[in-house]
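Participant: Can you join these two chains into the complex? Each is in its own frame, and there are hints to help.
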Amino acid sequence: MSAREQRTRASPPYRPDPDGTHPPLDSPGYRSTALRHPVRRPLTLPQSVTEITGPVLGEGRIGERDNDLTVQHPGEPIGQRIVVHGRVLDGDGRAVPNSLVEIWQANAGGRYRHDADVWPCPLDPNFDGVGRTLTDEHGRYEFTTIKPGAYPWKNHHNAWRPAHIHFSLFGRSFTQRLVTQMYFPDDPLFDQDPIFNSVPEAARSRLVSRFDMNRTTDHWALGFEFDIVLRGREATPFEDDDHDH
Amino acid sequence: MTTSSTLPSTPSQTVGPYLHIGLTWQDGPFVVPEGTPSSVWLRGRVLDGAGEPITDALVETWQCDEHGRFAHPEDPRSAEIDSGFRGFGRSDTRSGEYGILTVVPGRVPDRTGVPQAPHVDVSVFARGMLHRVVTRVYFADRPEANAADPVLSTVPRDRRQTLLARPSADGYTFDVHVQGEYETVFFDV
Ligand SMILES: [Fe+2]
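Chains A and B, in that order, are what the protein sequence lines are.
The opening position of the first sequence corresponds to residue 1 in the UniProt record's numbering, with each subsequent residue numbered one higher.
The opening position of the second sequence corresponds to residue 1 in the UniProt record's numbering, with each subsequent residue numbered one higher.
No wet-lab data here; the hints were simulated from the structure.
Cβ atoms here follow ideal geometry from the backbone N, Cα and C, with glycine treated the same way.
There are no misleading hints in this set.
Between beta-carbon pairs, the in silico distance windows are:
| no. | chain 1 | residue 1 | chain 2 | residue 2 | range |
| --- | --- | --- | --- | --- | --- |
| 1 | A | R204 | B | A79 | 39 to 49 Å |
| 2 | B | P33 | A | P185 | 40 to 50 Å |
| 3 | A | A235 | B | D188 | 18 to 28 Å |
| 4 | A | G75 | B | R159 | 48 to 58 Å |
| 5 | A | R210 | B | T6 | 19 to 29 Å |
| 6 | B | R77 | A | R94 | 24 to 34 Å |
Here chain B stands alone, though its shape is the one from the complex (with noise of 0.2 Å):
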């Protein structure tokens, strides 16, 4: 590799009250077709610190297929993906709650090979947050593959229940606690 010095990043700012103007899409949350088979609605609030619903979030995810398949050029399986699996989601919260219609992924390595357990990975903005948190979800109903995930197990033990998600009548809910006793673990990518 040649030399070379490198650029800072631009910084971050918030999203400000007005997001959805630029943010909303009706696909947003779409990360599946509608109909797909075995697709759940992954729903929930972000609460604030004094645990009041924040309205003016946005939640985004991204996750791979339900084979661990990404929809992106560096998955060499990507290809092989059916047409319509995007992948992401984007949510906002006016309604209290966000919702994105998915399916549980699959299962795929960490560096070093370990397997995880099946996971999203979730960004929240929002007015007062000056940058993105970043979050994982997991699945309460896969216990065995999350006790061996190499993530979840970094995550102090009384810690770990803020990032799984609870069964529910049309999938599951997660919340995302921003601040409060039951903060959320966020992490630094």
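If we strip away everything but chain A, and leave its shape as in the complex, we get (with noise of 0.2 Å):
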């Protein structure tokens, strides 16, 4: 077989999501949509290699505190410690390994270190809010931080985001590509979130950490386990996806 053939027959593509997994981009409960979803409806690509390739990153990328945002600066940071672990897995269950996840989040009382976040809540000089990670060979990754507390925004009168993290993760393709955010549980502001309740209802628990007695330190931290599901591969008839050597 000609390396052309190869690289055109190899590998398998990646299953399409069914519907009612991530919410429509026309959402009107969240107001910001209203002018940034697209009103045609969008066309089939079919996956060629540069579909089922993507970027492979992280290495030279992670510094050695990327993943404890509790140790980024001379002082603690303020808060709840907490662990937030877990797995990211495709669709068959198989580990992603090796591959970047990045975080986000606000502080202990809702404040991002960002210019245009400038609610009167104070900032804390200990605590960035930013984390970068790269998962294991069994696709875990695990980050020391402090729970984000809940934050205004304008979207309606006295809207209020739960707390939560921002997550964005790559996979191994082009296809995989995933941003999302994950919830902690039991939030009471779950209800008057229209992007938390964007997600079709049935799908909304996967965005919901659990509380992981496990993984809770004594006098130390909380542990939350979090576990994200990437896209799987359609089966292929022989075994030659294999690439790890």
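Facilitator: Laid out in structure tokens, this is it:
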């Protein structure tokens, strides 16, 4: 087989997500979507080599303290110390190893270290709210951080975002790219949040982390577990997708 | 293959207004290192349905090198790629436009072996967008390759120009119209 034929045939495409997985881009409750959603139907892009490959990043991009947001300054940040951990899996339950995970979040009071965040809540001099790590060979990741606070926004009167951590994932292909938000169990602000509720109801629980007593450390930190699932691949009639050598 | 039940994907959420603290990289725009011969700047605005530039968007690009090689283990020729070629670019739009330093990619086949025209895959994220939108950049000065491209040929003729980057002073210009009369063609991938 020529190199071209190999590249054409070797790697199976990724399965589409069924309806009901992701929020619609046109979600009127979240007012900013009004002028920011395409009106025309998207066309289908058959997955060629461009789509089944993707950036494999990280080596050299991760600093030693990048997955511990509580040790990036001389002092410790204020707030509830937590460990957020989980696995990045594909739709067949296979680990997604060595892939970049980026997070960003508000501090314990609900304020981001960002020019545009100006609501009257103090910044924490010891907290940036930015982390990154690589999944290990089993797809595992872990961050130590501070539980973010809720914060107000202007979507409607007295609108508050439930506490959340922003997650960015690359997986192993352009097709698997995902940006999402992780929430905390039983947040009383869920009901009034149009961003959380933009997700079809049956899928919402996938955005909520699980309190994890096993990873809660005595006199140190509360544990939360959040597994992330990226799209899996179509079945292939021949097992030739083992490139990990 | 053994049978296995599949896991449903984690839903997408918006990057929100504070994406920059988490997703901006100093070297984000450099698909190729500065000073690479034949490098070009791909620049453009991301516009909303009122024609206003979106300044809290993030544009990411993915492409092969000039010889059609991807910096990815599933490309058997990835080992031949010049070190420094990343294939991936990322730029925010705080200045009113994004900018990516890159090279015009080579041609790669589709799944049936038909050569595609040079193209760059693009993801756009923003506050107010609950999921990324995906489009492709083609190059207006490659009309013959474009005319034979198997993806462009599925796009209604009167909308194909929304996928064409136009030559500019230092490379190419490609605006993304998220909504409106000139709405860009987006893809389900
Ligand atoms: Fe947020």
